[in-house]
Amino acid sequence: MWRRASTWAAEAAAVFAKEWRCEFRTRYALNTLALFALTTLVTISVSLGPLGISLAHGTGVLPVLLWLILLFAAAAGLPRAFVHEEETQSATALRLAARPSTVFAGKLAYGATLTAALEALITPLYLAVMSSAVARPGLLIAALAAGGYGLAAGSTLVAAIIAQARGKATLFAVLSFPVLLPLVLMAVALSREAFAGGGAAGTTAEMTLMQLFLYDASVTVAGLMLFPVVWNP
Amino acid sequence: MPASLRFDGLHRRFGRLAVLRGISGGAAAGEALLVTGRNGSGKSTLLRCLAGLLAADAGSVDYRENGPPLGAAERRRRVGLVAPDLAFYGELTVAENLVFFARLRGLGRERGEALLARLGLPGDRLAGALSSGMRQRLRWAWALLHRPALLLLDEPFQNLDAPGLAATGRLLAEHLAPEDGGGEPGLAVIATPSPLEIAGVAARLDLGG
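Chains A and B, in that order, are what the protein sequence lines are. Adding 159 to a residue's 1-based position in the first sequence gives its number in this note's numbering. Adding 30 to a residue's 1-based position in the second sequence gives its number in this note's numbering.
Hint data in this document are derived by calculation from the structure and do not stem from the laboratory. Ideal Cβ positions, reconstructed from N, Cα and C, are used throughout, including at glycine. Mixed in with the good hints there might be a few duds.
What the hints assert, rightly or not - Simulated restraints on C-beta separations:
(1) Gly-120(B) - Val-333(A): 28 to 34 Å
(2) Gln-323(A) - Gly-120(B): 16 to 22 Å
(3) Leu-47(B) - Thr-247(A): 22 to 28 Å
Model the full structure from these sequences, guided by the hints.
This is how it looks when you write it as structure tokens:
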């Protein structure tokens with residue numbers, strides 16, 4: 160049992176390492192995500208800026224804008240997860256060598272770390288340019304971690320479904336809408352609590368965080384169960 | 031019990047086009063089945079069905095290695111495939127590609143290095159920068175990496191020069207009839223548009239077209 164689990168983990172780790180090695184060679188997703196996020200960040204900061212939003216409105220609007228930046232930046236880079244392999248025909252070699260679940264897990268780990276890197280770059284910049292203080296930083300980090308993972312998991316799942324279809328970009332937008340919408344709403348609600356500092360322990364924020372974790376777990380399990388069906392004939 | 035392959039009554043359609051119509055055949059350990067036929071006759075489709083990459087509409091594939099028949103998922107991971115549409119990661123070097131696939135299969139890098147040397151492949155060159163002949167050699171190295179009992183070879187000698195033909199011919203011969211201590215003999219299904227003289231061919235299957 161332990162041996163099987165360690166073999167499975169080694170396979171997933173190999174896929175994860177390969178994804179990052181290819182990414183460092185081409186820097187396709189890194190550049191797309193970073194440039195898209197920075198452009199949106201600059202646009203928002205110039206348009207609204209610290210003086211554009213009153214403090215009263217700030218805690219309501221700022222989390223929404225932050226998650227919009229993260230959502231659209233992720234949507235620009237994460238769908239490539241499987242499309243690249245189908246386009247270059249390297250998917251067949253991977254199909255013949257790896258178990259579907261390890262491919263999904265490796266790609267998901269790559270998407271999650273890529274999203275985490277994006278959040279680590281964007282969030283401090285965003286808080287600085289908007290001159291915004293966060294009342295509960297721990298809660299914001301939890302929202303970013305759980306929300307970012309959910310964003311990667313949902314995107315990886317949808318990317319797997321669309322990889323072999325025509326009109327991939329349109330399909331990704333259509334399919335990811337119902338998958339990612341609940342996640343973004345929860346992440347925004349949680350981040351709003353973090354910015355405003357309202358609520359005591361055990362109230363709304365903790366409930367929302369629990370729901371985010373449940374969402375993450377559901378999408379991960381759904382991905383692991385669905386992926387072999389969409390990946391193999 | 032050594033490995034064996036038997037397929038019966040394989041049918042496969044793509045829309046209205048029936049590509050495979052009740053195809054049967056097989057090979058035992060140490061044997062090769064040579065499948066011939068014109069372009070579009072279904073050779074590649076047959077090999078993809080045998081590899082478990084394509085589900086047949088009807089018919090059965092019975093492939094076993096010292097035990098009960100293996101299902102499509104197991105077959106996929108066990109076979110070695112050389113095919114024209116098989117590609118690798120162009121951003122990685124030849125050696126990095128083989129190391130990646132060896133890791134997926136729980137293997138060390140020694141086997142890949144040995145195959146690189148035997149096939150005369152430059153390990154440090156990006157896979158995306160290989161010539162078509164070198165790409166074909168890399169397909170051979172990839173297919174033999176995990177010492178599969180069943181080799182599925184779809185136009186395996188295309189684009190190879192004389193040294194490439196000699197190297198792959200030797201590897202195929204060793205696969206079918208290993209030297210002492212080289213393990214059990216394997217089997218192969220070889221698809222080519224025109225008949226070839228290959229040692230170890232025990233049966234022929236003409237798909238016409």
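Broken hints, by number: none
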